[in-house]
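In order, the protein sequence lines correspond to chains V and G.
Residue numbering for the first sequence follows the numbering used here, beginning at 1 and increasing consecutively.
Residue numbering for the second sequence follows the numbering used here, beginning at 1 and increasing consecutively.
Please note that the accuracy of each hint is not assured.
Said to hold, decoys possible - Here are the in silico distance ranges between beta carbons for each label pair:
no.	chain 1	residue 1	chain 2	residue 2	range
1	V	GLU330	G	GLN127	31 to 37 Å
2	V	ARG502	G	ARG369	35 to 41 Å
3	V	LYS56	G	GLY126	58 to 64 Å
4	V	SER490	G	TRP423	52 to 58 Å
5	V	LYS239	G	ASP292	41 to 47 Å
6	V	ARG97	G	ARG369	44 to 50 Å
7	V	ASP391	G	ASN416	54 to 60 Å
8	V	ASP401	G	ARG369	55 to 61 Å
9	V	LYS479	G	TRP567	32 to 38 Å
10	V	ASP401	G	GLY471	14 to 20 Å
11	G	GLN127	V	LEU11	51 to 57 Å
12	G	ASN416	V	GLU445	19 to 25 Å
13	V	GLU171	G	ARG486	18 to 24 Å
By construction, these hints were calculated from the structure, which means they are not laboratory data.
Note that CB positions come from ideal geometry on N, CA and C, so glycine has one too.
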Amino acid sequence: MVTLDVRPQLLDALSALRDRVAAARFPLPLPGAPRARVNREELLAQLDDYLVPRLKQPEAPLLVVVGGSTGAGKSTLVNSLVGRQVSEAGVLRPTTRTPVLVCHPDDHHWFAGLRVLPELTRVWVPQGGDEGGRDGAAKAGERALRVETAGTLPRGLALLDAPDIDSLVAENRVLAAELICAADVWVMVTTAARYADAVPWHLLRTAKEYDATLVTVLDRVPHQVVAEVSRQYGALLAKAGLGEVPRFTVPELPESTGNGGLLPATAVAPLRAWLTHRVQDEQARAFALSRTATGLLDSLNSRMPELAGAVAAQHAASVRLTAIVDEAYEREQTRVRGRLQAGAVLAGGALARWRAYPLDCTAGELLDAVVESLGTVLACAVSAADRRIDDGWQREAAAGDLVAREPDGEGADHRVGLCVRRWRRVLEEYVEEELRGLDNPPEAEVVAALLATALLGGRRARSAGEVLAERIGAQAALKLRDRGGRLLSSYVEKALKDERERRLAPLDALDVQPDPQAELIAALSVLQKER
Amino acid sequence: MTAVTAVTDHTGGQEPAAAPAEPDAPVAPAGSESDGAEVSGVTEAVAEAAGHADAAAGAETGADADAAEESAWDDGLIARRVMGDGERPAREESFQPRGLTYDAPLRARLDALRELVGLSRTRLDGQTLAEAGRVLDQAAARRGLSERHTVVAVAGATGSGKSTLFNALAGVAISDTGVRRPTTAAPLACSWSDGAAGLLDRLGIPGRLRRRPLQGTDPDPRMAGLVLIDLPDHDSAALEHREHVERMLKLVDAVIWVVDPEKYADAVLHERYLRPLAGHAEVTFVVLNQTDRLPGDSADLVLDDLRRLLDEDGIALGEHGEPGATVLALSALTGDGVGELRDALAQFVAERGAAARRISADLDAAARRLKPVYSAGRRVGLSERAREEFADRLAEAVGAGAAGEAAERAWRRSANKACGTPWLRLWRWYEAQRTGPSAVQAESVPVDEEATARQRVEQAVRIVGDEAVAGLPAPWAQAVRDAAARGGEGLPEALDELAVNAALPARKPPRPGWWPMAVFVQALMTLLQVVGGFWLFGQVVGVAEPNLMAPVLLMLAGIVGGPCVEWACRMAARGPARRYGQEAERSLREAAAACGRQRVLDPVAAELLRYREVREQYVRVLGVVPPMGGRSTATGAFTVGGERREPLVPSGG
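Just need the whole structure built from these sequences, with the hints factored in.
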């Protein structure tokens, strides 16, 4: 049980938990990601706007959020509770777009600062503020909260008129959910025409899940059917396990339709009395506060693991995507190795050159052809791997727009070509180095061409090795072939590895790590210990 | 399906006989009267049976409809279905000729869609085509049913007053109204005239939920074709209501959306129902009910706001005589404005065009949804450049360029050798003898080796495949790519063979005509040298008379002439050598290109052609191009059946 004293350790644990939640990211478009994102947002809103400020300052006024469907008469209800028009009511839906907070003038300092709902800009309209002030608030463009004061409200009570939960205006829905997250007491307003709607019931079930202090108001009930509708509604509530929730019925009066009308005080008296009792009776107040707070803390037990699960799913998806890339390149690397051994480089143009050498082809031409052919083998391997990765990622929901990379086939060819040419240069240096020791050295280019052919030609170029040995001696030839072979495999590996890294770069940039999962769970267990 | 139609028609045919039997039971909850109830009971039993058969045949009932529909569409027998369709009109003619007929453009579009589905079944999965199949089934099913009737559903949120409006229109309290939410749990039908049994069977409304309006209270004869359905709500916590509504909305001809001042801006209504049905504006009424709850002139304000919201949903509003949704404000409770709705409905029903318009809108929606799988962003096809590049790559793969160059050089070499001075040849021979057998690849290359660069062929096939699919919708792109890959499989081997064959004739280079001449001249030069030498020798010995000048000149001519002839030959050989090399390259290259065209480009082009055909068909479905008559026998059967009944199209439509 959370007592209403300030407990630093608990607050520390909570803020650690909050930071962990804020650090959680869901960048991969998995099926569960949107839900996890909303869950995170909501959790943050509840922690920032409600739980942390409430536990820090238990003495702050009770915040009552009036929420419900569009046209349920929330604003009229708030106006009637206050006794004057603080929130616009009207027939056009949705009416309330800027939420209005009403409190006693003495409590104003609690809400003027950014203690709760820090993302909302405060618009303060002094008592008797004219229409111009309100228009200014609406014009601000960003999300605003209008703070009104009214002496008619008891001290320690603040009413918040929220926008619709089922509005056609999507921002209204989000804002309403956020405001409800900040509430100590949830007042759900529904009407005779709406009490069976799916959306409000969803919210009621959520309230039950969080075990928040909940009040329902059945508004706009035609007076002929008050008893019947009220009974029906009660039955539905009882069926949903919300039988003990305080239920208030407000009849439909001509004033309900708005146009500045206020309901007579008698219509809202029971609700007003209930709320006043929550504020003035110390025990009732403590109960109301701690119930919502405890409910929220309890709900963490299931929501944090869900969040952690979503984080783990992200990481698993990222591992899967990486594995697809790794497997594709692994496969291509094996294939390239096999091809090099089989002498696939010495085919087509290069083979024609080799057949013509030395009578009808110079060493330089042979070397060029062999090196170019090697480049093609590698570029082909890269594009085959890319195709395989594309196919694999297409089947993964998590890949999302990672699949739609810009086609850079030319780029890959270019990069591989560079790598191969570098290999050629180093090979030529090796040859020169080796020839320096000989007393009657043959032409370096000839040796380099023969060496490259021998390295890349497989069985087909056996005679190249023989001629090489003849020209520079068996020992030197063997040494050169050894060094050249090692050089070749390292360059081939490097070329493929670079391409693999390039392919993985966008995924790596998302930085999906396994650690946040454990951290979330750890923060939760620390919090549980502190409670 | 044919069986279903038969039963349905049978029921329909029987109803007129049944109705006069109970003239004094206008509101006839079936089975309530004694005498006539017997007959109507039978009717009902048949109707129920028809309903069941309907469901069993998987026409369009509930959740299993999709699955059943799929099986109906996946059987791979186009002929049978078309036969079934063709059979229907004949069968109907033996009864009453009162089935619905679509006008020519719509019929052509439906035919095009049918053919489109047939053409693309092998390429697209059943799920993508399910919607199109549903529209076709729907159109066929509706076509077999009464054209005199228009089925209008009253839909809306819980508590908006659907049932109250329904009762107000019927003139009698048929549907229960109440404060208990949700009130109506099962759809209720009310038909103004007989013969709608088939339609109601299709909707799956059991006989006990079919009613008749109060007789005599409706003076408007135009309302005669109206069949009104009271739907359950779409937004209550009762999930099965929503399912009911969604199933019904797919089957009815038109919808009256009832909204109230409290709920007219609900996200559920707009986002889930109105926006997806924006294309159906012509068969949509939106009615703002409960205006009695609004004070003063705020009803107009709310109505304007509603219009604005509908506009944002993309629904065309039928203002100023333009086609679109009808938006009205009324109070079903006080009867205020109901008359207007009644007028609009009466006119709407009298036009008898709703069913066709509904099918047309469905068709539009289905076509729109299919757009991503049929429509390419740009012109598709292989450009000439892409084909040439493919040929270039293949030529490179078989090494045509290098081989040609080698052939050129070899030819030139042999020409030089043949025309060179004998002394030079002697020296070369001696050199060769001295250095030993240095000819590097004396051993001939084995024939079975892979002479073609596999990687280049693979690359070429991949690139040409990629270029062919640029802009193509995914399923077709996959098909094209597969065709390219399949063609590429045996390509390297074929090219290997080709390279060997093409290389064979090159063994013996042809000689130009001047060659023997050159050899002769060269020999002459050598002879001159020898003769000169002998002559000089003779002078020295003293056999010949001393004349130094002549033999020296003779020898000098031979010595200078030999290299000159050699040089001239070399120059002259250049042109033919190049021609010879180019010829070798060209033949290899052309052989490779032909091989690639046959194995890769042609299958790819065929696949692209198939796509283009489908796309044309799709455009025809969209109805953009003036449609042409039955193109194939399959459509022919359908079209002929329809055309025979053309005179029945109401001229007012």
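Evaluation of the provided hints:
About 35 Å separates the C-beta atoms of GLU330(V) and GLN127(G), a value consistent with the hinted range of 31 to 37 Å. Separated by about 37 Å at the C-beta atoms, ARG502(V) and ARG369(G) satisfy the suggested range of 35 to 41 Å. Checking the proposed 58 to 64 Å range against LYS56(V) and GLY126(G) shows it holds: the Cβ atoms sit about 59 Å from each other. For SER490(V) paired with TRP423(G), a C-beta distance near 53 Å keeps the hint of 52 to 58 Å intact.
Taken as a hint, the range 41 to 47 Å is violated for the pair LYS239(V) and ASP292(G), whose Cβ atoms sit roughly 32 Å apart. Judged by the Cβ atoms, the range 44 to 50 Å given for ARG97(V) and ARG369(G) is violated: they are separated by roughly 34 Å. Between ASP391(V) and ASN416(G) the C-beta distance comes to about 56 Å, which sits within the given range of 54 to 60 Å. The hinted window of 55 to 61 Å between ASP401(V) and ARG369(G) is violated, with their beta carbons roughly 22 Å apart.
LYS479(V) and TRP567(G) have their C-beta atoms about 45 Å apart, which leaves the hinted 32 to 38 Å range violated. Checked against the hint of 14 to 20 Å, the C-beta distance between ASP401(V) and GLY471(G) comes to roughly 19 Å, which is consistent with it. A beta carbon spacing of about 53 Å between GLN127(G) and LEU11(V) agrees with the range 51 to 57 Å that was offered as a hint. For ASN416(G) and GLU445(V), the hinted distance range of 19 to 25 Å is satisfied, since their beta carbons lie about 24 Å from each other.
Distance hint for GLU171(V) and ARG486(G): a CB-CB separation of about 53 Å, inconsistent with the stated range 18 to 24 Å.
Of the hints listed earlier, those the structure fails to meet are numbers 5, 6, 8, 9 and 13, in rising order.
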